[in-house]
Amino acid sequence: MSRDYPLGTIRTEQVWKRFRADQQRMLLRDRVEQAARRLRGDRGEDWRWALRDINLHIEPGESVGLIGSNGSGKSTLLKMLTRVMYPYAGIIDVRGRIGALIEIRAGIHPDLTGRENIYLFGALLGLKRREVAGRFDDIVEFARLGGAIDRQVKFYSSGMQMRLGFAVAAYLEPHVLLVDEVLAVGDAVFQQRCLDRMREVAEQGTTIVFVSHDLPAVQSICRRGVWLEQGTVRVDAGIKDALAGYRDSIEAQSEATARVGEPLSLLTYEVRGETGEETLHTDEPVTVELTLGGDYRGDATLHLGVSEGTSSPIFQISHEIRMTGGDHRVACVIPRLPLPRGRYTLWAGVYSIGKTDGGTLMSWHSAGQFDVFGPMLDTPPRAVVLAAPVFVPHQWEE
Amino acid sequence: MGGQRAQVIDERGGRPAPPGVAIPAGPPPELVFKRRLRPLQVAHELWAARELVRALAERDLRARYKQAVLGFAWAVLTPLALCAIFTLVFHRAVKIETGAAPYTLFAYVGLIVWQFFSNTMNQGALSLANNLSLLNKVYCPREVFPLATMLVATVDMAIGIGVLGLMFLVFWTAPAATFLWAVPLLLIQFAFTYGIALILSVAVVYLRDVRHLLPIITQMGVFATPVAYPLAKIPHRLQEIYVGLNPLGAVIEGYRKALLYGEAPDGRMTLIAAASSLVFLVGGYLFFKKLETGIADVA
Ligand SMILES: Nc1ncnc2c1ncn2[C@@H]1O[C@H](COP(=O)(O)OP(=O)(O)OP(=O)(O)O)[C@@H](O)[C@H]1O
Ligand SMILES: [Mg+2]
Numbered sequence: 001m002s003r004d005y006p007l008g009t010i011r012t013e014q015v016w017k018r019f020r021a022d023q024q025r026m027l028l029r030d031r032v033e034q035a036a037r038r039l040r041g042d043r044g045e046d047w048r049w050a051l052r053d054i055n056l057h058i059e060p061g062e063s064v065g066l067i068g069s070n071g072s073g074k075s076t077l078l079k080m081l082t083r084v085m086y087p088y089a090g091i092i093d094v095r096g097r098i099g100a101l102i103e104i105r106a107g108i109h110p111d112l113t114g115r116e117n118i119y120l121f122g123a124l125l126g127l128k129r130r131e132v133a134g135r136f137d138d139i140v141e142f143a144r145l146g147g148a149i150d151r152q153v154k155f156y157s158s159g160m161q162m163r164l165g166f167a168v169a170a171y172l173e174p175h176v177l178l179v180d181e182v183l184a185v186g187d188a189v190f191q192q193r194c195l196d197r198m199r200e201v202a203e204q205g206t207t208i209v210f211v212s213h214d215l216p217a218v219q220s221i222c223r224r225g226v227w228l229e230q231g232t233v234r235v236d237a238g239i240k241d242a243l244a245g246y247r248d249s250i251e252a253q254s255e256a257t258a259r260v261g262e263p264l265s266l267l268t269y270e271v272r273g274e275t276g277e278e279t280l281h282t283d284e285p286v287t288v289e290l291t292l293g294g295d296y297r298g299d300a301t302l303h304l305g306v307s308e309g310t311s312s313p314i315f316q317i318s319h320e321i322r323m324t325g326g327d328h329r330v331a332c333v334i335p336r337l338p339l340p341r342g343r344y345t346l347w348a349g350v351y352s353i354g355k356t357d358g359g360t361l362m363s364w365h366s367a368g369q370f371d372v373f374g375p376m377l378d379t380p381p382r383a384v385v386l387a388a389p390v391f392v393p394h395q396w397e398e
Numbered sequence: 001m002g003g004q005r006a007q008v009i010d011e012r013g014g015r016p017a018p019p020g021v022a023i024p025a026g027p028p029p030e031l032v033f034k035r036r037l038r039p040l041q042v043a044h045e046l047w048a049a050r051e052l053v054r055a056l057a058e059r060d061l062r063a064r065y066k067q068a069v070l071g072f073a074w075a076v077l078t079p080l081a082l083c084a085i086f087t088l089v090f091h092r093a094v095k096i097e098t099g100a101a102p103y104t105l106f107a108y109v110g111l112i113v114w115q116f117f118s119n120t121m122n123q124g125a126l127s128l129a130n131n132l133s134l135l136n137k138v139y140c141p142r143e144v145f146p147l148a149t150m151l152v153a154t155v156d157m158a159i160g161i162g163v164l165g166l167m168f169l170v171f172w173t174a175p176a177a178t179f180l181w182a183v184p185l186l187l188i189q190f191a192f193t194y195g196i197a198l199i200l201s202v203a204v205v206y207l208r209d210v211r212h213l214l215p216i217i218t219q220m221g222v223f224a225t226p227v228a229y230p231l232a233k234i235p236h237r238l239q240e241i242y243v244g245l246n247p248l249g250a251v252i253e254g255y256r257k258a259l260l261y262g263e264a265p266d267g268r269m270t271l272i273a274a275a276s277s278l279v280f281l282v283g284g285y286l287f288f289k290k291l292e293t294g295i296a297d298v299a
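Chains as they are written, first to last, in full-length UniProt numbering: chain A, 1 to 398; chain B, 1 to 299.
Worth flagging that the hints you see were computed from the coordinates, not collected in a lab. Just so you know, not all the hints are guaranteed correct.
Claimed, not checked - Here are the in silico distance ranges between beta carbons for each label pair:
#1 B:215 - A:253: 52 to 62 Å
#2 B:99 - A:27: 42 to 52 Å
#3 A:34 - B:283: 19 to 29 Å
#4 A:131 - B:81: 42 to 52 Å
#5 A:69 - B:209: 28 to 38 Å
#6 B:32 - A:392: 52 to 62 Å
#7 A:130 - B:46: 18 to 28 Å
#8 B:31 - A:301: 53 to 63 Å
#9 A:69 - B:72: 54 to 64 Å
As the list claims (entries may be wrong) - Chain A side only, calculated, beta carbon under 7 Å to chain B, not exhaustive:
#10 16
#11 52
#12 83
#13 85
#14 109
#15 111
#16 112
#17 123
#18 232
#19 267
Ideal Cβ placement from N, Cα and C applies to all residues, glycine included.
Just chain B, same shape as in the assembly (with noise of 0.2 Å):
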């Protein structure tokens, strides 16, 4: 007796579609959906979804700063730690020529470039797939989960600048007046570290067991990076490529020439470290939209 109503039409002109019948066997492939990138729409979108990247880091932030002298003592506490060790190791022992500079100074200028990347990239790697399940029920542009998550390491590298102000006193040194160079240099060293965010995020989502290779990574890039020897360590003709792909490289040189020197950070390899670092960035921020589209579907 079941089924005996006639099928409803629809009063809006829509089609009843019985299965089967009017719908064909795929999308017609002019339709198939590609990303287009609207460089003032997606600025318009980073823009309006500031409050969300502040309280992303503001929540990481307070959970970690809750008890806020520990909070404040681990930010401080890795560099200054691998700081001695450096001092002891390579200033003691490999005898690391700094010139004019005492080495304490010199590595940790280093370590607090060093200590921002890493952190950004380890964190930032893990912010999307930490953050699935908000991924799935709210739209935003998603790249403002790594933004957040360098951010937090942003604090905690002005907290590392702070104790560098200290260490001056300490050393009876004063910051050259060529310090404002360490401006550009900072740009830099944000559009690098964020590139290699936004890519190892998607990564990770996609890869799940990647995010086993970070503390590789970690461990090697803090030797294979000038932390605690000068760029002038690596010989000389293969400076250029290196830079190219180790911004960073260039970035501590600069910074120490700057800071500790009174010397404007050499033109070349900064230029080299600005291109390439620019180059990361936008490679990464459309890699990471062209993978964006299938997160959901994933997660």
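Only chain A is shown next, with the shape it has when bound in the complex (with noise of 0.2 Å):
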């Protein structure tokens, strides 16, 4: 029917997915009102589009971060990529064996142990218990569980039960790994872990679709952005395009939510380089100048932060100011600017002193954003996930 495509290949085709939109309670009784309401003509029936016209391909080898908010159909397309779900139309074309973690709990019978978790999972994937055998060693390795591996796995925490699975997912060579949004539940150390594994993997030649709101991690594993938006493909190109254009619509919605009904608001701000030039360069003076405006008199401090993406911010600097019922203006200069080329967001918050909470006068929001030139950060080694980049001024000895 169709190409013999190599293994880890994955290929979706006009892929569209809908869900009952209306709430269903699967009872009998529900299902013969429902027919005798489509006998007297009336459909009845609400669907929902949770995916729509999803066309992709996927090289074996390649390593893809599907990314998009809440509810954009991710997990959707993971399932049917595994199979566990269906497509309502389009074709769907998975080669090879596919180790999946889709949820925590991911392909883990809670009543079995660990250790049988295993050897069903490796059975489920086509592998010969003999197969699992050579690798048992290893995922209990990797995953830390030492004693519990014979204890029955729903009486894990949360945490060990995603090292299972994860592990088990990742251990069996599977041409296909699918990671949904779970490494989340780690410790630190297990998650930093995790990623090294799945470079190493993806290294191997392992196809990666890897899900997850952990931008940075996403940017650390994969080379390909798939950015969902309601069902639908919105870009898909290198991650960084992705990232950046998920990262600029995130940014323009929460810009967008106005804050009303606060005492203060920023009218105006500008961030400029040296001389009073627009563009901004790596380690040379910036001055951050904001008008602020409301009836409030009093005391205040103004909270000022630079966040690279939505992430926390990367540095944060604060300052006490006099309202005085009118408009003012205050000017901050950063004397060398720690940032290496990038785009960031201003934020900026204002609140009463002494009150630790309930003093918002103007609550924590993005400004806006700013270009910064200069030199690329040097890339981290593999699997290091650029969280808080910061330039930092050196010189080098020898």
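Using the hints, build the complex out of the two chains.
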């Protein structure tokens, strides 16, 4: 019917998926009522598209980050790739063994012990008992389960279940590895090891599709990014471009949410470089100038922050100001900007002094973005997540 | 200021797809998914899942036979207790005529078959519903879940057959030499039972309240099937229709003839039962496979 694609290929062509939009109770009497209504000529069915016209072609060995806001259809797409769910229309073709970690308990049978689960999952992947036995020690070692391996999985903590699930999925040498937002329950050390392992299997030629809201982690694993929005592919490109597009859209959204009814608001802001020019450069002076307006009179603290994407701020500074009921202009000079090349978001918020809660005069929000020109940050060692990239002026001596 | 960046164009030749622009309103009708079953592929998948069937059955058995003595007792006690009651009621009170064979043996043969059927039906019907969390995450041919419950019931049946052997000792009779007829009858029994389990298991996923019907079916079935009485009690001209609807009738009757009376099972009845159970098996399987595609959506 179709061409013979090599193992590890993922292909979807015009894939559509819909779910019932109306509430369904799955009871016989509801069905009888429904049938009665249908006889009267009322269709009574209401469907909603979860995925529309998804065309993806992923080569063996590619690592693809699947990003998008909640409910955009990422998990649904992964479920269809694992063949757990069926599409409404379209062609889905995944070649080779699939290792999947869709939810924390992915493929884990709660009543069986960890050991039995490993063999069971191997069997599901089409491996022989002997083949699983050969990798058994690696899995237990990676998951750091120790004595818990002979305990029933339902008594594992979430993190332990995830460890086991990930270790099994990643060590049974699948041709395709699908990982949905699950690593978050692991502790920081284990997350890092998972990312490492994903890199490793990617280098061995395993195709990876990685879903996560942890964008730096996605960036550290994937070369290609697919951004889903409301069930359609918005951008399918290199990971940087896809992430940039996605982040821009998040920021556009959070800027759009107006903060009405607060005592103070940010009227204007400007970020400029040395001698007033528009472009900003790494390690050079930068001036941030803001105008605040509002009825409030009294002392307040102004907080400024800078972030990359929507993650937590890279750095954050504050200043006490006295508001007199009119517009208030304030400027801040940073003599040497510690940011490498990239696009950043400026955040601002004003709080009354001496109150830790309820004293919000202007809530913390992103004011806008600015670009910095300068040297690229050196690429980190493999699989290290780029979390808060700051440019630190430095000199080497030997 | 946000959003000033230009729309990123896919360097791989894919399409940048701003929402609402290049997306058609619906999929082309010729691409709408239809379930296609290739028998060879199905068989291969099922074979590949044998480990899974074993593991699932083992889990159930292990849970039950954790206390070896009690677990074993449950498998034996239920049919024995029913057997005792049937002997009292049907043999002593109603005076069912069983010819040369002791009534207790006669009833027990029927009870083994019935117990196997009702175990598989009751457990099998819930086998998908109880494993929905697993079904939602790993792919495997879903028919393995009812199959595993049938495997468990088979183990119970084996124990029951062991007890039957002991009963032959107690009653000083030997199973007749025609007992090899039991083999084809066993196949009919398996086919019918699995067909029913397939249908009910997927029905319970979509209609959760179907499970409340199970006890009723079980209660009525034991009397609607010739367990306590011979098939001959059913009016002669209705027998063929009856066996067509309930092949277990012919199966039980066949076992009795082969094991207790040393006769070959009635050829005509056995053929009807075989044809009927094949219809149940194939029909149930197709029904199951058709509805299987939506299980993850409603889970
Ligand atoms: N079984 C289901 N029945 C009905 N609607 C469903 C079902 N599964 C998913 N949906 C709907 O489909 C849409 C996509 O869901 P999906 O789980 O794929 O989102 P997601 O991109 O994984 O989101 P998140 O980032 O929160 O994990 C959602 O609107 C969800 O409500
Ligand atoms: Mg999800």
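Here's how the hints hold up against the structure:
Separated by about 54 Å at the C-beta atoms, residue 215 (chain B) and residue 253 (chain A) satisfy the suggested range of 52 to 62 Å. Taking 42 to 52 Å as the suggested C-beta distance range, the pair residue 99 (chain B) and residue 27 (chain A) conforms, at roughly 49 Å. Between residue 34 (chain A) and residue 283 (chain B) the Cβ separation comes to about 24 Å, which falls inside the hinted range of 19 to 29 Å. The given range of 42 to 52 Å is respected by residue 131 (chain A) and residue 81 (chain B), whose C-beta atoms sit roughly 47 Å from each other.
Distance hint check for residue 69 (chain A) and residue 209 (chain B): the Cβ-Cβ separation is about 37 Å, which falls inside the suggested range of 28 to 38 Å. The given range of 52 to 62 Å is respected by residue 32 (chain B) and residue 392 (chain A), whose C-beta atoms sit roughly 57 Å from each other. In this structure the supplied range 18 to 28 Å holds for residue 130 (chain A) paired with residue 46 (chain B), their Cβ-Cβ distance being about 21 Å. At about 59 Å, the beta-carbon gap between residue 31 (chain B) and residue 301 (chain A) stays in the expected band of 53 to 63 Å.
A hinted range of 54 to 64 Å holds for the C-beta pair residue 69 (chain A) and residue 72 (chain B), which are about 56 Å apart. For residue 16 (chain A), the interface hint holds, since its Cβ comes within 7 Å of a Cβ in chain B; the closest pair sits about 4 Å apart. Here the hint on residue 52 (chain A) is kept, as its CB sits about 5 Å from the closest CB of chain B, short of 7 Å. Proximity of residue 83 (chain A) to chain B holds as hinted, the smallest CB-CB distance being about 4 Å (cut-off 7 Å).
A distance limit of 7 Å between C-beta atoms decides the matter here; for residue 85 (chain A) the minimum to chain B is near 4 Å, and the interface restraint holds. Interface restraint check: residue 109 (chain A) against chain B, minimum CB-CB distance 6 Å, threshold 7 Å, status holds. A least Cβ separation of about 6 Å between residue 111 (chain A) and chain B falls short of the 7 Å threshold, and the interface hint therefore holds. Because the smallest distance between the Cβ of residue 112 (chain A) and any Cβ of chain B comes to about 6 Å, under 7 Å, the interface hint for this residue holds.
Because the beta carbon of residue 123 (chain A) sits about 3 Å from the nearest beta carbon in chain B, less than 7 Å, this interface hint is met. The beta carbon of residue 232 (chain A) comes within 6 Å of a beta carbon in chain B, closer than 7 Å, and the hint placing it at the interface holds. At about 15 Å, the closest approach between the beta carbon of residue 267 (chain A) and any beta carbon in chain B exceeds 7 Å, and the interface hint on this residue is violated.
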